[in-house]
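Going down the list, the sequences are from chains A and B.
Per my numbering, numbering of the first sequence is gapless, rising by one per residue and ending at 304.
Per my numbering, numbering of the second sequence is gapless, rising by one per residue and ending at 304.
Worth double-checking, as some hints may not be accurate.
For chains that are exact copies, the list does not tell them apart, and a pair is met inside one copy or across any two.
Subject to a maximum C-alpha distance of 20 Å in a straight line, what follows is the list of computed EDC-like cross-link-like pairs (lysine to aspartate or glutamate) [claimed, not checked]:
{"no.": "1", "residue 1": "Lys264", "residue 2": "Glu154"}
{"no.": "2", "residue 1": "Lys247", "residue 2": "Glu300"}
{"no.": "3", "residue 1": "Lys66", "residue 2": "Asp128"}
{"no.": "4", "residue 1": "Lys264", "residue 2": "Glu156"}
{"no.": "5", "residue 1": "Lys66", "residue 2": "Glu31"}
{"no.": "6", "residue 1": "Lys303", "residue 2": "Glu154"}
Just so you know, the hints here were simulated from the structure itself, not pulled from any lab data.
So the chains spell out like this:
There are 2 protein chains.
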Amino acid sequence: MIKEEVKIVEVGPRDGLQNEKVILPIETKIELIDLLVDAGFTTIEPTSFVRPEYIPQMADSKTLFSSILKHEDIVFPALVPNKRGFLNSLDAGAKWIAIFTATSNTFNKKNTNATIDESLKRFDEFVPDAIKEGQTVRGYISTVFGCPYEGETSIDEMLRLCEKLISFGVNEISLGDTIGVANPNQVQVIIQRLKEHFDLSMMAMHFHDTEGMPLANILASYQEGIRIFDSSVAGLGGCPYAKGASGNVASDDVINMFHKMNIKTGIDQDKLHKASRFILKALGKEGSSKFFQANEGRKS
Amino acid sequence: MIKEEVKIVEVGPRDGLQNEKVILPIETKIELIDLLVDAGFTTIEPTSFVRPEYIPQMADSKTLFSSILKHEDIVFPALVPNKRGFLNSLDAGAKWIAIFTATSNTFNKKNTNATIDESLKRFDEFVPDAIKEGQTVRGYISTVFGCPYEGETSIDEMLRLCEKLISFGVNEISLGDTIGVANPNQVQVIIQRLKEHFDLSMMAMHFHDTEGMPLANILASYQEGIRIFDSSVAGLGGCPYAKGASGNVASDDVINMFHKMNIKTGIDQDKLHKASRFILKALGKEGSSKFFQANEGRKS
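Go ahead and model the full structure; you've got the sequences and the hints to work with.
Below you can see the structure in the form of structure tokens.
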């Protein structure tokens with residue numbers, strides 16, 4: 005029986021804020037996470053444990069964790085690039101980690117200074133330990149629908165990486181349209197290949213709003229059986245590959261579509277609107293969510 | 005056999021510009037239409053024949069027509085609210101007209117100062133004459149997916165209006181999501197009802213980008229068999245029911261999705277980009293097309 009509800013993984017505090025120019029005070033980040041918890045999100049990507057010289061937006065990750073762990077039932081996957089990041093996340097009290105690789109060697113080298121296979125070797129250095137420590141691991145695969153450097157990427161490579169991640173013990177895999185070029189036909193083809201090999205209930209889709217198509221891609225994914233979607237409050241984040249373009253699909257838009265379709269998400273839209281308004285005010289920007297903007301316009 | 009191509013009806017010069025605050029010189033409008041013809045559009049809604057005291061943006065419709073009729077193979081449906089408008093359009097040389105009503109009485113009264121049935125009586129005063137004159141008639145039905153005043157509207161009323169319009173001799177009907185609240189499930193339900201009674205090949209869908217969902221709604225419509233879509237170059241137009249919200253779905257976004265899905269539209273995307281850039285510059289605004297913005301960003 006197909007589940008008539010979906011899980012929304014809120015990636016705004018990490019994937020969103022990391023791509024914003026403004027560096028926010030830690031109190032603002034904590035308040036944002038509190039508002040998102042209050043809105044009903046059960047999985048929130050709060051931060052990453054990376055070198056602050058590379059990603060200054062995330063330099064406060066340890067302190068942040070000490071403040072958000074009060075939300076005991078919420079899954080907070082901490083993004084870690086390597087063993088060092090993992091140990092730091094463990095030290096901060098994180099119980100879930102997220103690791104990442106890509107289907108494009110060029111992209112992966114530019115993003116993590118490692119080829120795809122080097123990234124797998126890095127995972128081998130700490131993921132089995134993490135699982136032994138009782139951690140739950142989420143795996144991201146980037147550039148599944150296209151690469152800014154290599155163009156088209158390989159579905160077979162995606163399948164190989166899924167298999168590798170599963171062999172490490174990863175319990176959820178998020179397939180990323182890193183540059184926002186996916187289309188519904190491609191989504192259908194890719195999910196049909198996935199289904200031949202894996203249990204779709206562990207697969208998430210991560211779409212960007214670069215070309216205005218994320219809700220069409222999410223609809224196509226839902227029709228093919230996907231029930232987990234990553235999105236970002238108020239559409240936080242940008243697209244480094246197209247100046248001025250939108251980044252992550254906005255949680256506001258995704259949740260509005262599902263609710264209008266009578267598909268449950270567990271999120272309170274009024275409370276989400278409050279969180280969006282809060283963070284956009286803090287960043288001093290308009291945001292990319294059309295639903296948020298229309299909602300603001302109706303209220304004014 | 006399902007046709008693997010679609011017709012895009014470009015409504016920017018009328019439906020789009022009518023909702024922009026800036027009133028453009030006629031030369032700019034003519035150049036826009038020339039650029040759209042060059043991009044490959046075969047149906048373009050160029051203007052309306054309405055009282056200039058109500059819609060000052062369209063006061064130059066007669067002169068405009070005399071300049072665009074050089075494009076002999078292009079269908080230019082002129083929007084007319086009544087017999088007077090029809091006679092003026094005939095005088096200007098228009099060969100196609102478009103008429104409009106709605107599934108909501110309140111909306112129709114506010115929009116045209118006539119109840120639904122009064123609007124049908126008005127049509128009876130000139131549409132049969134128009135057809136006798138050899139005109140081709142397009143019919144719009146607004147608020148099919150929801151009304152800003154009445155909320156939900158009736159599918160049965162939509163079906164009744166389709167039947168009435170067809171009995172007048174209308175050869176294409178465009179179903180409008182006037183306030184941009186449609187969702188893919190609703191789209192599916194409505195098209196399935198339409199199919200029971202009418203030939204879908206004469207039905208067009210007219211979506212707005214108010215909530216970021218138009219491409220998902222277009223995908224759902226396509227899956228149900230619709231092959232004609234209205235859209236507006238660069239997303240021209242706004243939404244009078246939600247301040248600052250987007251209006252018509254952008255032709256740029258619609259055509260990009262179809263081309264990525266390997267569905268033909270007959271439009272040259274580079275030339276469309278040129279038209280979008282031209283009109284946005286003339287209006288001094290950014291536009292609401294995410295694809296256009298991403299494209300500009302990649303080029304810069």
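Original post:
So which of the earlier hints does this model not fit?
Top reply: 3
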